[in-house]
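Participant: Residue strings, one per chain:
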Amino acid sequence: MDDAQAVAQAQHAGGAPAPDRVVASADAVVKVYRMPGGTVHALRGITLAVERGTLLSIVGPSGCGKSTLLHLLGGVDLPTAGTVTLLGQPTASLSDAALARLRLRHVGFVFQRFFLLPMLTAEENVALPMMEAGVAQPDRRRRARALLERVGLAHRSQHRPGQLSGGEMQRVAIARALANRPALLLADEPTGELDAAAGWEIARLLREISRDGCAVVVVTHNTELAAIADRQVRMRDGTIA
Amino acid sequence: MGPLGFLAARSLLRNPVRTALVLLGLSVTGALLLDMTMLSRGLEASLGGVLGRLGFAVRVVPRGTLPFSSSAEIPDGERLAAEIAARPEVAAAVPVVAANLYVRRGGARFPSFALGVPGGGTGAYAVLEGRDLPAAAAGAGPAPGSPPADPPIVINRNMARLDGVRVGDVVVLSAAPEPFVVRYAAPRAFRVVGIADFYFDLATQRSVALATVDLRRLQGLPRGAASLILVRVTAPARTGDLARWIQARDPRVDALSIQGFLDRAAAQLTYFRQFSLILGTISIAVSFLLITAIVTLSLGERLGEIAMLRAVGFTRARIASLVLLEGLVLGAASLPGAFALGLLISRNLDAILRSAPSVPENVHFFTLTTAAALRTVALVLGTGTLGAVYPATIAARLGVAATLHAEVLS
Ligand SMILES: Nc1ncnc2c1ncn2[C@@H]1O[C@H](COP(=O)(O)OP(=O)(O)OP(=O)(O)O)[C@@H](O)[C@H]1O
Ligand SMILES: [Mg+2]
Numbered sequence: 001m002d003d004a005q006a007v008a009q010a011q012h013a014g015g016a017p018a019p020d021r022v023v024a025s026a027d028a029v030v031k032v033y034r035m036p037g038g039t040v041h042a043l044r045g046i047t048l049a050v051e052r053g054t055l056l057s058i059v060g061p062s063g064c065g066k067s068t069l070l071h072l073l074g075g076v077d078l079p080t081a082g083t084v085t086l087l088g089q090p091t092a093s094l095s096d097a098a099l100a101r102l103r104l105r106h107v108g109f110v111f112q113r114f115f116l117l118p119m120l121t122a123e124e125n126v127a128l129p130m131m132e133a134g135v136a137q138p139d140r141r142r143r144a145r146a147l148l149e150r151v152g153l154a155h156r157s158q159h160r161p162g163q164l165s166g167g168e169m170q171r172v173a174i175a176r177a178l179a180n181r182p183a184l185l186l187a188d189e190p191t192g193e194l195d196a197a198a199g200w201e202i203a204r205l206l207r208e209i210s211r212d213g214c215a216v217v218v219v220t221h222n223t224e225l226a227a228i229a230d231r232q233v234r235m236r237d238g239t240i241a
Numbered sequence: 242m243g244p245l246g247f248l249a250a251r252s253l254l255r256n257p258v259r260t261a262l263v264l265l266g267l268s269v270t271g272a273l274l275l276d277m278t279m280l281s282r283g284l285e286a287s288l289g290g291v292l293g294r295l296g297f298a299v300r301v302v303p304r305g306t307l308p309f310s311s312s313a314e315i316p317d318g319e320r321l322a323a324e325i326a327a328r329p330e331v332a333a334a335v336p337v338v339a340a341n342l343y344v345r346r347g348g349a350r351f352p353s354f355a356l357g358v359p360g361g362g363t364g365a366y367a368v369l370e371g372r373d374l375p376a377a378a379a380g381a382g383p384a385p386g387s388p389p390a391d392p393p394i395v396i397n398r399n400m401a402r403l404d405g406v407r408v409g410d411v412v413v414l415s416a417a418p419e420p421f422v423v424r425y426a427a428p429r430a431f432r433v434v435g436i437a438d439f440y441f442d443l444a445t446q447r448s449v450a451l452a453t454v455d456l457r458r459l460q461g462l463p464r465g466a467a468s469l470i471l472v473r474v475t476a477p478a479r480t481g482d483l484a485r486w487i488q489a490r491d492p493r494v495d496a497l498s499i500q501g502f503l504d505r506a507a508a509q510l511t512y513f514r515q516f517s518l519i520l521g522t523i524s525i526a527v528s529f530l531l532i533t534a535i536v537t538l539s540l541g542e543r544l545g546e547i548a549m550l551r552a553v554g555f556t557r558a559r560i561a562s563l564v565l566l567e568g569l570v571l572g573a574a575s576l577p578g579a580f581a582l583g584l585l586i587s588r589n590l591d592a593i594l595r596s597a598p599s600v601p602e603n604v605h606f607f608t609l610t611t612a613a614a615l616r617t618v619a620l621v622l623g624t625g626t627l628g629a630v631y632p633a634t635i636a637a638r639l640g641v642a643a644t645l646h647a648e649v650l651s
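Those protein sequences? They're chains A and B, same order as listed. Using the working numbering, the letters of the first sequence correspond one by one to residues 1 to 241. Using the working numbering, the letters of the second sequence correspond one by one to residues 242 to 651.
No lab work stands behind these hints, which were simulated from the structure alone. C-beta atoms are modelled at their ideal positions from N, C-alpha and C, and glycine is treated no differently. Any given hint could be a false lead.
[Claimed, not checked] Here's a subset of chain B near chain A, in silico, CB distances under 8 Å, partners left out:
| no. | residue |
| --- | --- |
| 1 | P244 |
| 2 | S252 |
| 3 | R255 |
| 4 | P352 |
| 5 | G541 |
| 6 | L544 |
| 7 | M549 |
| 8 | R557 |
| 9 | P598 |
| 10 | P601 |
| 11 | N603 |
| 12 | V649 |
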């Protein structure tokens, strides 16, 4: 940890995040789902900043709004009230297409269920966001291989998801999330479908990624993963406890 | 290839057995569509092909008729032909006379179509064996003083095949069925000099070609009229002008270009087009529904993946394009099967239709023209794409967060 990081960390401990380190933030964010059966207040005024180089874990009982918060921070959904700022831009002010472009360039998602495309090889799955971003074939191939090597799957690059274990699939999914060098990596229960050993692998990987400067937010029920985070946010009933 | 084409093509591999079954279904409907497209204008295309090979750019017929479609004649056809032939853009104008004759050979007697031509070398038929009639000047009969020989005729392949007539044989022709022979239609012996393809013969039709003088003598009729004038031009670009000139010169005739001929023939063949339109539309509708069903079904199985793609940064428009492309790819993948099957079926259907009476031998009902092939390809690809419109709309409207939420619960 260099001096600047140390200072930032110290400031953070005092409560005020350094503005130039903030990748995404929520300010008095409210999310309400209105459905025929009734209204659900998923988030009831959340204020939170996510900083570069930090692994932030969000924990809390089921239904307290963890995933909802993650979706808002990543710009796949918009708040009912309050402001979510992603890379300096309020998400509500952006068009759907502009938000998609922002996600493509700067946000990586990791899902509990991996969502790898079954008819693509591991390497092709990793290369997919780069293809969409218009990265040239030789470059994306090189980078996809490097990323697979980083998650320890260089030897499985030509395998389809169906030929991989759950832990391996999640590592491929993490490599895919890193494809376009995101500033923000959002993981929703990435170890939810994995055993303890595979879960630990993923936890270690996310920690490394944050050390490399990415802001990592992980929603988890996994106490080991929550414990290695730089910062832990505990939620209850749509608020930060 | 962009990621969409890549993903759409790979989507065929997602469920190979299901894809194979769907492609089989689409091949069948595509084959039907191809056949109907081939049938729609097949007769015209086939007729046009034969007419093109004959090389006569203009046909002059009695007003409102098609060549040989009636017994109507152009009263002073031979003179009109001479006037047409005198024009600079005309290479030849051949007045021909069509008639029905009776052929007697040994004890057998059968009706035959007869084509009266000024002489050999007109191109109204193609000699396959032996030789043609003598050129026009010599067609008038034996030179004075020499013993009267049997005048020459050329017969068609059917007569050679069905009746065993050979080059060098003598056959007797008459204008009326015996025993109703009248003085002016006395039977006369002819010597077969050649065997020819008459282009528009029916499957079992007998045809002969002979000099118009000989034909008129058999009929007991004076010369001068013609059933048809075949015009060969030197300047194809001026065909339209020539046709207009002929029409103006004699209002009792129509001067038909090849296209004019085809249009007039097509007007009598609208039932083929209606038939193919109906069946073609049905096949398109079935393809459309098949693609809509399969793409919608497959989409429902991977909403999570679609939500993932949206989260990764694919816009709604890109997702919609991806799903449309999947429909397009399904259509494209069905094309080889559709063409293979379609050609096989069309060959069989063509044989069935051609076995009907009064179908010329050289004419086909199903013709694979470039236009028909391109039209089928365009329709199949268009149907594939349109078939995916409904699922594409669903995919584009998908709420990312809501889908991810639902996927975790399922
Ligand atoms: N798209 C949605 N439509 C309606 N209600 C939703 C939607 N997404 C979430 N909710 C509701 O909002 C509340 C918070 O949901 P959320 O998924 O954020 O909880 P969570 O903390 O992630 O729970 P879990 O730990 O079980 O994943 C829940 O009551 C949930 O039913
Ligand atoms: Mg959740």
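Participant: Quick check: which numbered hints come out false for this structure?
Facilitator: Of the numbered hints given earlier, those the structure breaks are 4, 5, 6, 9, 10 and 11, listed in rising order.
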